[in-house]
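Asker: If you read the sequences in order, they're chains A and B. With the first letter of the first sequence counted as 1, position 116 gets the number 116 in the working numbering; the numbers rise by one all the way through. The working numbering runs 1000 ahead of the 1-based position in the second sequence.
These are computed hints drawn from the structure, not numbers from a lab. Everything numeric in this text was worked out from a predicted model, so none of it was measured. Some hints here could point you the wrong way.
[Stated by the list, open to error] Taking lysine-lysine pairs in the DSS-like style, the calculated list, with each CA pair at most 25 Å apart, reads: (1) B:1038 / B:1049; (2) A:38 / B:1049; (3) A:38 / B:1013; (4) B:1049 / B:1013; (5) B:1038 / A:15; (6) B:1072 / B:1013.
[As the list claims (entries may be wrong)] Facing chain B, according to a computed beta carbon distance under 8 Å, are these residues of chain A, among others: (7) 46; (8) 85; (9) 103; (10) 105; (11) 107.
Each residue gets a CB set at the ideal place from its N, CA and C atoms; glycine is no exception.
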Amino acid sequence: MNAPELAPQQLRNTKAWEYAVRFFFGGAIALGTGLIGKQWGPFVAGLFLAFPAILPASITLVKQHDGRRQALEDARGARLGSIGLAAFAATVVVAAGGLSPWIVLAAAAAMWALVDVGLWFLRYSAEETV
Amino acid sequence: MVSAFAAIGELFKPKTFSGLFGAAPSVAIASLGLAFHKHGADYVRTQAKAMLLGSVAMLLYCTLCVAIAKRKQVPIWLGAGLSWIAWFAAAFALFALVRSGGVA
């Protein structure tokens, strides 16, 4: 059975500007969400909390560093991760109002991690690592 | 937050696992934290309901990226960028559907 492994040496391959690109897109969408909320209300703004702001940059950078096959694997992981994103949102829907904000967000983040890791093991642990 | 999730993702291999962090709720944690403070729990719950629809659009977006990555003749940056159009179409179609049902 395959399991995820720590590979901190991969961090050395990433340049500061590559984090800056993700920071820029993430920051732009966070700012945009606030502005959209003011103009069109919280429901429209909420859609953008699941906007794939950094994915084009991430997949493109993986392709440049590690090749197209690895970019495909990265996209497959993100596809699975979008289910975890829905689990995060569902947890906030259920828990918001009854608990402290930070407990709600921590519980939602824990649910995201649990669903993502659980689905990854179900889907990919038996697959040969590329 | 976004850069932190990106860095954590790069700590892991294989890429199917580090890719999970590409769809991490990094923007959502920051934005909902601020929304709790400024607008309260009802506002946050409304945003999270919409985020559920956005997640469906995200699933479609990622599925398109997988399909694009399999086709060598399409530059990944171009395909992933153009797939944003599919995200917008899916998210706002779902929004219209929900609004017509009186939820939003």
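Asker: Next step is simple, just say for each hint if it's right about the structure.
Answerer: Tested hints:
1. B:1038 / B:1049: With Cα atoms ~18 Å apart, residue 1038 of chain B and residue 1049 of chain B stay inside 25 Å; holds.
2. A:38 / B:1049: It holds: about 17 Å lies between the C-alpha atoms, which stays within 25 Å.
3. A:38 / B:1013: Violated, at roughly 40 Å.
4. B:1049 / B:1013: Distance of about 32 Å is beyond 25 Å: violated.
5. B:1038 / A:15: Violated: residue 1038 of chain B and residue 15 of chain A sit about 36 Å apart, past 25 Å.
6. B:1072 / B:1013: Holds, at about 23 Å.
7. 46: 3 Å, holds
8. 85: 5 Å, holds
9. 103: Violated, about 11 Å.
10. 105: 6 Å, holds
11. 107: Residue 107 of chain A check fails; min Cβ-Cβ to chain B is 12 Å, beyond 8 Å.
The earlier numbered hints that this structure contradicts are 3, 4, 5, 9 and 11.
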